[in-house]
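Engineer: As a plain string of letters, each chain reads:
Number of protein chains: 2
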Amino acid sequence: MTGDGTAGPGRPEAGGGYAGVRAAVVGTGLIGGSVLLRLRDAGLDVTGWDPDPATREHARRQWVTAPETVEEAVAGRDVVFLCGPLPTLPATLPLVAAASPPGCVLTDVGSTKAEVAAAAARHGLLDRFVPGHPMAGAESAGLTAAAPTLLDGAAWVLCPAAGPATGAFRWLTGLLLEVFRARVVPMAAAAHDTAAALASHVPHLLAGALAGAVRRATLRDAVLALAAGSFRDGTRVAGTPAVRTANMLLGNRERVLRELAGVTAYLDELADALRSGDAERLTALHAEAGAARELLSGRAYATRVRDFPASGDHADEVAWLRELGAAGGHLGGCHVRADRVAYTAHVPDPPGPRQAAD
Amino acid sequence: MTGDGTAGPGRPEAGGGYAGVRAAVVGTGLIGGSVLLRLRDAGLDVTGWDPDPATREHARRQWVTAPETVEEAVAGRDVVFLCGPLPTLPATLPLVAAASPPGCVLTDVGSTKAEVAAAAARHGLLDRFVPGHPMAGAESAGLTAAAPTLLDGAAWVLCPAAGPATGAFRWLTGLLLEVFRARVVPMAAAAHDTAAALASHVPHLLAGALAGAVRRATLRDAVLALAAGSFRDGTRVAGTPAVRTANMLLGNRERVLRELAGVTAYLDELADALRSGDAERLTALHAEAGAARELLSGRAYATRVRDFPASGDHADEVAWLRELGAAGGHLGGCHVRADRVAYTAHVPDPPGPRQAAD
Chain R
1 MTGDGTAGPG RPEAGGGYAG VRAAVVGTGL IGGSVLLRLR DAGLDVTGWD
51 PDPATREHAR RQWVTAPETV EEAVAGRDVV FLCGPLPTLP ATLPLVAAAS
101 PPGCVLTDVG STKAEVAAAA ARHGLLDRFV PGHPMAGAES AGLTAAAPTL
151 LDGAAWVLCP AAGPATGAFR WLTGLLLEVF RARVVPMAAA AHDTAAALAS
201 HVPHLLAGAL AGAVRRATLR DAVLALAAGS FRDGTRVAGT PAVRTANMLL
251 GNRERVLREL AGVTAYLDEL ADALRSGDAE RLTALHAEAG AARELLSGRA
301 YATRVRDFPA SGDHADEVAW LRELGAAGGH LGGCHVRADR VAYTAHVPDP
351 PGPRQAAD
Chain D
1 MTGDGTAGPG RPEAGGGYAG VRAAVVGTGL IGGSVLLRLR DAGLDVTGWD
51 PDPATREHAR RQWVTAPETV EEAVAGRDVV FLCGPLPTLP ATLPLVAAAS
101 PPGCVLTDVG STKAEVAAAA ARHGLLDRFV PGHPMAGAES AGLTAAAPTL
151 LDGAAWVLCP AAGPATGAFR WLTGLLLEVF RARVVPMAAA AHDTAAALAS
201 HVPHLLAGAL AGAVRRATLR DAVLALAAGS FRDGTRVAGT PAVRTANMLL
251 GNRERVLREL AGVTAYLDEL ADALRSGDAE RLTALHAEAG AARELLSGRA
301 YATRVRDFPA SGDHADEVAW LRELGAAGGH LGGCHVRADR VAYTAHVPDP
351 PGPRQAAD
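Note that the protein sequences, when read in sequence, are chains R and D. Each residue of the first sequence is one higher than the last, beginning at 1 in UniProt numbering. Each residue of the second sequence is one higher than the last, beginning at 1 in UniProt numbering.
This is chain R alone, in the form it adopts within the complex (with noise of 0.2 angstroms):
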């Protein structure tokens, strides 16, 4: 167990196993539909619920318990993951938090942290609530899209916070890192949503804008018929349920705003570069963002081993867990032994920007 005594009655110790411990979710959808099989296949207990009578009826046939209302799928459940439509997460995190036992972790997959967290803050559950994101997704959506091998090894952002949330964070890193073999990214609500307007937001925004104005073009069924890899990449992410989409963006709206001035910024100096003809700027420009490119396949991690102890008000563990990811690095570790909780991380090496000159 954690050994803070956050835990409910009946949530199994960490490091024990997680197989049998009691997991609903909420909103069973392309995420959490694979969320749901995982942790089926895993030999947790789950039970699974959605709005949708159809997909209730869907999960079933897939032998996994869907009872008709969201209270009776939570009920007795030592972790929840909440996965419907993000502008619904304000709403439900509140009804799960009083229909499931006080010692019940709650989390959620949604895209943007900052206001989902705040929502738990202003219901008094930063106790038990750990945001999180898990960083994959499809153009599909929906149940039958789902699948258990969706997350495996995913990046998988969780939000630590001191006092007693400390241990329902070290729980559910483990139970993550156990069942999906997750890379977990511990980051505090803001560090992620930034990260995450230039990860994944601003991407969508230039897929969209790059898809669109070929709709609108006067030659567009040439484009498309010339089409080949860099259109077909750019544009993958435009097939995005459009809804989906916008509720994203609306969800992290300054960040992605202020990021998206950033990269329009860089597009102004290659636009000017071109204008210019001014062979070497533009080159030099494109090989700079080669080089981000290239971090992206080519990096490396060193292992560290860092130890805390497990009680007390956790500053100095969370501090180190949130520049552990605004630092690029991940957990791949963490054990509770009597008075001390053990963390394996992964930092890139060589370190960036934020570590050393470069």
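In short, the hints are calculated from the structure, not lab data. Don't be surprised by glycine CBs; every beta carbon is placed ideally from N, CA and C. Don't take each hint at face value.
Distance windows between CB atoms, simulated [what the hints assert, rightly or not]:
#	chain 1	residue 1	chain 2	residue 2	range
1	D	ARG258	R	ARG232	36 to 42 angstroms
2	D	PRO350	R	PRO87	50 to 56 angstroms
3	D	TRP63	R	TYR301	42 to 48 angstroms
4	R	ARG232	D	THR69	37 to 43 angstroms
5	R	GLU178	D	TRP63	51 to 57 angstroms
6	D	ASP152	R	ASP268	34 to 40 angstroms
7	R	ARG216	D	ASP152	31 to 37 angstroms
8	R	ARG181	D	ARG232	30 to 36 angstroms
Chain D: place on chain R using the hints.
Structural biologist: Just chain D, lined up with the frame of chain R:
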């Protein structure tokens, strides 16, 4: 044969198969090397030349004749593929024309067509130079990355011209259909360059801007740690060698800047809707973009057969061919029989906005 007297004395007949045709590839990098290996595998008599002695040596180890000089490589050939870097083409073209037989068909694989077509006109080579552009590529470079299957089934633009050039166009079309199973897209050089600006060149700018902005971001390492599908896809071509990207953009400068303006206008609309919190407008703009993306994967084609007199000024034939490509269609067959040339064309069905209200 094409039946209009433009073929050189040694060029084998169209329709009789292309095995035994004498072909040369000048510039055996990624694209040229792939062309060369494919032609060799199809039973053509091929020679290759590259300015780099190590590349010539590598070609010889692939059982390809690779003479020391470009003049030797193209002497006595029926067709020469010019596959060197874009800025070298205007100089290479007259040199290869002088060293090859007068009836030898010349073509290139450069990513822009208007400039090289103008160079061919200046050198009086319009009767046998057919501007070409296979729509394929990769982030890699060099003969070692080349593969005989790289261009299999690719969209391959050829620019037909009236007069004696039509014969060279027909013959080369037959070769590409037979040897590469290409979808030959006939287009005017200017229309190609406008369509390619949106299908390829602007996507390279967007990928560069996104990757470049991330490289400069404070949370760079966290962004890379979170990068899932949308960022990976959206920056893939930022890994292309920077000099090659710069050459491609500079070779089509005016059109790239014009089409980029259309994309940034759409991006501004998206940003405005986001800034004002207009969920309906933001969703509608993304849905419009998604419709273009859907056309990319779900397009149906109707087959049409059309024939023209084999001789004459070919003005109707060339006009029909250019309209076919502008409408998103491609050729699947080209046969010269007695005094007629018959094309099999595949056209989008239902047609796009050029043929019908959209």
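Engineer: Run every hint past the structure and note whether it holds.
Structural biologist: Comparing the hints with the structure gives:
Between D/ARG258 and R/ARG232 the Cβ separation comes to about 22 angstroms, which falls outside the hinted range of 36 to 42 angstroms. Our hint of 50 to 56 angstroms for D/PRO350 and R/PRO87 is violated, since their Cβ atoms are close to 36 angstroms apart. At about 43 angstroms, the beta-carbon gap between D/TRP63 and R/TYR301 stays in the expected band of 42 to 48 angstroms. Against the hinted window of 37 to 43 angstroms, the Cβ-Cβ separation of R/ARG232 and D/THR69 comes to about 40 angstroms, which satisfies the hint.
Judged by the Cβ atoms, the range 51 to 57 angstroms given for R/GLU178 and D/TRP63 holds: they are separated by roughly 54 angstroms. Remark: the range hint 34 to 40 angstroms for D/ASP152 to R/ASP268 is upheld by a beta-carbon distance near 39 angstroms. Between R/ARG216 and D/ASP152 the CB atoms are about 32 angstroms apart, so this pair conforms to the stated range of 31 to 37 angstroms. R/ARG181 and D/ARG232 have their C-beta atoms about 19 angstroms apart, which leaves the hinted 30 to 36 angstroms range violated.
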